[in-house]
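Engineer: Given the sequences, and given the hints that come with them, work out the whole structure.
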Amino acid sequence: MQKIPLMLATAGMVLARDVFRNDSPTGMPICGKETVLTDALIARLDHLDVQSIYVDGHPLNQDGERKLEDLLRDLDHRFEKVRQDPLTSKLYDIYADYLKRSMGE
Amino acid sequence: MPITLSVPWENELDDKRSELKKIIMDTRTLPTLPGVINKLNTLAEDARASVQEMAKIVSSDQVLSARILRLANSPSYGFYRVSTISNAMILLGVNVVKSLALSSSIFEIMEKNSVGLWEHSMGVGVAANMIARKLALPECEEIATAGLLHDIGKVIISLKCSDAEKRILSIVRNQEKYMIEAELEVIDTDHAEVGGWLAKSWFLPDKLSEPIAFHHDVTRSVNHRIKTAVVHIADVLVKASGFGDSGDSYVPPIQKAAWDMLKLNDELLADLVDELEDKLVEVRNFSIEMQG
Ligand SMILES: [Fe+2]
Ligand SMILES: [Fe+2]
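Protein chains in written order, with our numbering: chain X, 2 to 106; chain L, 513 to 804.
In short, the hints are calculated from the structure, not lab data. Among these hints, one or two may not hold up.
To be verified - DSS-like cross-link-like pairs, simulated, lysine-lysine; straight-line CA separation at most 30 Å:
#1 X:Lys101 / L:Lys775
#2 L:Lys672 / L:Lys534
#3 L:Lys689 / L:Lys534
#4 L:Lys678 / X:Lys82
#5 L:Lys646 / L:Lys672
#6 L:Lys768 / X:Lys101
#7 X:Lys101 / X:Lys68
#8 L:Lys533 / L:Lys719
#9 L:Lys646 / X:Lys91
#10 L:Lys568 / L:Lys712
#11 L:Lys551 / L:Lys768
#12 X:Lys101 / L:Lys689
#13 L:Lys791 / X:Lys91
#14 L:Lys551 / L:Lys712
#15 X:Lys91 / L:Lys768
#16 L:Lys775 / X:Lys82
#17 L:Lys624 / L:Lys533
#18 L:Lys791 / X:Lys82
#19 L:Lys712 / L:Lys689
#20 X:Lys82 / L:Lys646
#21 L:Lys646 / X:Lys101
What the hints assert, rightly or not - Computed spacing ranges between beta-carbons, pair by pair:
#22 L:Asn550 / X:Asp19: 42 to 52 Å
#23 X:Met8 / L:Gly628: 13 to 23 Å
#24 X:Lys68 / L:Arg645: 28 to 38 Å
The beta-carbon is built from N, C-alpha and C at its ideal position, and this holds for glycine as well.
Structural biologist: Okay, structure coming up:
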């Protein structure tokens, strides 16, 4: 199960929890769990000002959830042709540093 | 069986290149060129024509206006809620609106078939605008537009030579080459040159066509080297970030000429990276919204 912003919901995702109206989380659910999302349904939820939903599985791979080592490995791959280049390797160092800082290290 | 002495591959290369150029220079085979553009071109030559008059012509085509406004409201420009064409013309300039009008049908195709390239292009538009502002350069909007359009040659190659595009992409994957190297191998030209042909056939001004044609070789730019350098650096930054998908995943080398021309230094580069990473989140959201 993953909590995702409604904006990132796509048709085909399956609700893992009931969805309630934003202003009355204890009232009747708008939409029950196990419902398969459709574009029309997402539009309706958006119209009702629902901000986020819980869906089955782990469909979104957000950067915040990826491990620093994975991000650094991807960075190495992207820079593999220019690591010896004096100017571009500066950019590599800046990005490596940025990733470490943004991952809280 | 007679043995042919000519090398068919060589001929194929020549044919391909001239055929490609012919196709691209022939505006009739391009995705629908809006009729209002011709009117706009004639009017733009007339120094007395007012922005209002030009806006009226564009506004007469509702579909086109909607597309232009959508692009004008994209994060590449950083203005939000540009609600009328005449506002867009005042805020972005007539040149920018004209090039957006020209590109809108191509963007339409890009958005549907190649979200990765669309995101890369939007990212480079945003980055180019950001660099231009940071360096206090004139005509930031034109630079943003050049960034947005810089890889438009790739869309044309994909549209007009989809077989060649497949071969190019398979070379990129299997031989781990830069896209531009693979393009040279397969079509004897590259997306920058193709984009330049397109810009010429659309009569885009040099300040847009040069960054498009020379973003991989800044020193070839004659009249707008600074704008070209900005687009080059913006492209490198977006590739470094890993944002979008422009065909290959390899960061191209920063050209010394561009670095010197913009008087970049380590500190400035670090600031640009920080700022860009923030802005790219916005681009991602915009892109998701557009597809939703
Ligand atoms: Fe390019
Ligand atoms: Fe690019």
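Engineer: Decide, hint by hint, whether the structure agrees.
Structural biologist: These are the hints, each one checked on the structure:
1. This hinted pair checks out: Lys101 of chain X and Lys775 of chain L have alpha carbons roughly 27 Å apart, not beyond 30 Å.
2. Taking the CA atoms of Lys672 of chain L and Lys534 of chain L, the gap is near 11 Å; set against the 30 Å cutoff, the hint holds.
3. Simply put, Lys689 of chain L and Lys534 of chain L have alpha-carbon atoms about 27 Å apart, close enough for the 30 Å limit, and the pair holds.
4. A hinted pair counts as satisfied when its Cα atoms are at most 30 Å apart, and Lys678 of chain L with Lys82 of chain X qualifies at roughly 23 Å.
5. Between Lys646 of chain L and Lys672 of chain L the CA atoms are separated by roughly 38 Å; this puts the pair beyond 30 Å, and the hint is violated.
6. About 27 Å separates the Cα atoms of Lys768 of chain L and Lys101 of chain X, which keeps this hinted pair within 30 Å; it holds.
7. Between Lys101 of chain X and Lys68 of chain X, the direct Cα distance comes to roughly 10 Å. Compliance with the 30 Å bound is thereby established for this hinted pair.
8. Between the alpha carbons of Lys533 of chain L and Lys719 of chain L the distance comes to roughly 22 Å, so the proposed pair stays at or under 30 Å and holds.
9. In summary, the hint linking Lys646 of chain L to Lys91 of chain X is supported, as the alpha carbons are separated by about 19 Å, within the 30 Å threshold.
10. As the CA atoms of Lys568 of chain L and Lys712 of chain L are separated by approximately 26 Å, the hinted pair is consistent with the 30 Å bound.
11. For the suggested pair Lys551 of chain L and Lys768 of chain L, the alpha carbons sit about 42 Å apart, so the restraint of at most 30 Å is broken.
12. For the given pair, Lys101 of chain X sits about 29 Å from Lys689 of chain L by alpha-carbon distance, which is consistent with the 30 Å threshold.
13. A threshold of 30 Å between alpha carbons decides the hint, and for Lys791 of chain L with Lys91 of chain X the separation of about 21 Å falls inside it, so the pair holds.
14. Between the alpha carbons of Lys551 of chain L and Lys712 of chain L the distance comes to roughly 18 Å, so the proposed pair stays at or under 30 Å and holds.
15. With a CA separation close to 13 Å, the supplied pair Lys91 of chain X and Lys768 of chain L stays within the 30 Å bound.
16. With a CA separation close to 24 Å, the supplied pair Lys775 of chain L and Lys82 of chain X stays within the 30 Å bound.
17. Restraint check for Lys624 of chain L and Lys533 of chain L: the C-alpha separation of about 25 Å stays at or below 30 Å, so the hint holds.
18. As the CA atoms of Lys791 of chain L and Lys82 of chain X are separated by approximately 26 Å, the hinted pair is consistent with the 30 Å bound.
19. A hinted pair counts as satisfied when its Cα atoms are at most 30 Å apart, and Lys712 of chain L with Lys689 of chain L qualifies at roughly 29 Å.
20. Taken as a hint, the Lys82 of chain X and Lys646 of chain L pair is honoured in the structure, with Cα atoms around 28 Å apart against an allowance of 30 Å.
21. Restraint check: the Cα-Cα separation between Lys646 of chain L and Lys101 of chain X comes to about 25 Å, which is no more than 30 Å; the hinted pair holds.
22. Taking 42 to 52 Å as the suggested C-beta distance range, the pair Asn550 of chain L and Asp19 of chain X does not conform, at roughly 57 Å.
23. For the pair Met8 of chain X and Gly628 of chain L, the supplied restraint of 13 to 23 Å holds, since their beta-carbon distance comes to about 19 Å.
24. A C-beta distance of roughly 34 Å is found between Lys68 of chain X and Arg645 of chain L, which places it inside the suggested range of 28 to 38 Å.
In summary, the numbered hints that this structure violates are 5, 11 and 22.
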